[in-house]
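If you want the building blocks of each chain, they are given just below.
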Amino acid sequence: MSDRVALVVDRIKCDGHGVCADLVPEMIELDDWGYPIIRSDAIPPSVLPHARRAVSGCPTLALRLQALASRR
Amino acid sequence: MSIALLAGPPGAQGMEGFAAHRHRLGDLPEAHALIDSVERTNLRGKGGAGFPVATKWRSVASQRGGTPVVLANGGEGEPLSRKDRMLMEQRPHLVIDGAILAAGAVGADEIVLYVGADHAGALQAMHRAMNERPASERARLRLLSAPVRYVSGEETAAVHFVNAGIALPTSIPPRPYERGIDGRPTLVQNVETLAHVALIARFGDEWFRSLGTGNASGTTLVTVGGAVPQTVLIEIPQGIALADAVNAAGGITSNSDAVLLGGYFGGWVESATAWGLPLDGDALRQQGYSLGCGVVAVLPSGRCGVVETARILAYLAHESARQCGPCTFGLRAISAAAGRVAGLASTPGDLEHIQRWAGVLAGRGACRHPDGAAGLLASALRVFAGEFSLHEYQRRCSVASAVAAAS
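These protein sequence lines are chains A and B, in that order.
Quick note on the working numbering: the first sequence kicks off at 1 and runs consecutively.
Quick note on the working numbering: the second sequence kicks off at 1001 and runs consecutively.
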C-alpha cells in the first residue's frame, strides 16, 4: 500500500490562515487560536483531491502530504 | 550509596584536573565495540527524553551525509535541575572523555561542547579542562556558550545555534542525526550521558549494570529540591525508591502532598504514591511517569499546588520560542487562565478551558515544548483536582486559608 498518505504541517511555517480546514474539514479542524489540528491517519481516497488542493492553497506552503509507513 | 560519576574528590573541591583524573581512572581506553557495550547497559539519554543511547549512535554512524559531529549538550535550561552544570564543574574530564569516545564510535572528527552561558562555573571548568587535554584532542574540541533560554538545550535549537547563531528549534525532519551541524549527521548527547559512557568504556557494561537496583542499570544524577534542607545534587543507584533519594538529600522539612517528578516537563505525583516510586526511567515510563532530567521537587506544606503550577506555566509560556502558533497562543492562554484561577480571580469557564486545552497541545509544535507544558498541566489537574475546583468555584485556597488560620 504505497498510496496511503497523511497531511502534515510545518508548525513553524504555519501562520494559522485556516484555508486548509475549509478545504478538508474531514481531516482538519482549527483550535481556539485558528491553528490546524490534523488527523494523523491516512486520507480516504475520496478526500485526497481536496487534500491536494489544501496543500497547494496553503498561503505559507506549510502543508504537505506524507507517505505513511504501511502497517500490517 | 554507591556512586560512580561523583566518585573521587568531594565536589566542594571544585574541578578535578586532568592529572588527577588520569591518575584516578587511567588513560582513555581504546574502546572496541563500544556501541554494543553501551547497548548492553540499556543506557538512555539523560537530557529528559530518555532515548536509548546505542540506538541513537547507530543511527548517526549509519548516515551517509558526511563525517559526523558530536555535540555534548550542557545547555541545561531546566530551572529545577543542577546536575549538568555541577557535573561539568566537578568532572569536566569525564564529559570530554565521553564525547571523545562517542566521536570514535560514530566516526565523528569534531566535538562541540555546548554549555549554558549562565553556568559560569561549568563554562570555566570546561574551558580549563579543554586546555589541559593533549593538542591532538584539543584540535577537535570547540567550546560554545549557549544562550540563557529554556529551549536552548533542545537538540535542534543547539544545532541551529552552532550553524547560525540562533538557539531556536527548527522543524523536523531533518533531525540532527540526519542533518545537523554543517549539514552533517550530528550526535547531540547530554553531558551526563557522555560521562557515564566514559566509565562504561573503562569498567565495562556488567560493572555499570551492577550499580543499579533490581532490574535497573547504572547510576543517575538527581537534583532534589523543595521541602528538603537545601537543593542538592546526588548520584543514586537507578531503581531506588524516591523516598530514599529524598532521605539522602536530608529528608523532608515539612509535610508534603505532592512531588514534582522530572522537572517542568515532568509531572506532579501525590506524595503517598511518589515516595514508593522507583527512580528508574524505564520503570517510571511503564507506570506513566517520567524521570525527565532527574528532578525531584517536594512541594512544601504551605505552598499551593495550583499556584505553583500556574507559576511554572507562566514561565513556560514566557520561554516559548514563539515560532509555532499552538505554543505561542496556547501556552499564553493557558498561563493567563491558570493565573486567574490560582489568584482566586477566575472568569467563568477558565477551568473548563484549561482542562480542554491541556488535551490539544501535544505534538503540535516543532519541538516538544507545548507537549511538556500540557503534560505538566494534565498532571496538576489530576493531582490538585479538588484544589482547582475550590479556586475556580469557591474562590478559596485551602493552603492560604490554613496559613491565615495558623497565624
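Treat each hint with caution, since some may be false.
[Claimed, not checked] Listed next, with one range per pair, are the computed distances between beta-carbon atoms: (1) Glu26(A) x Pro1348(B): 44 to 54 Å; (2) Gly18(A) x His1127(B): 44 to 54 Å; (3) Gly18(A) x Glu1352(B): 40 to 50 Å.
[As the list claims (entries may be wrong)] According to the in silico footprint, chain B covers these stretches of chain A (three or more CB under 8 Å from chain B): (4) 24–34; (5) 49–60.
[What the hints assert, rightly or not] If you want the footprint, here are the derived chain B segments under chain A, 3+ residues with CB under 8 Å: (6) 1328–1337; (7) 1355–1366.
Hint data in this document are derived by calculation from the structure and do not stem from the laboratory.
Each residue gets a CB set at the ideal place from its N, CA and C atoms; glycine is no exception.
Which of the listed hints are broken here? 1, 3 and 5
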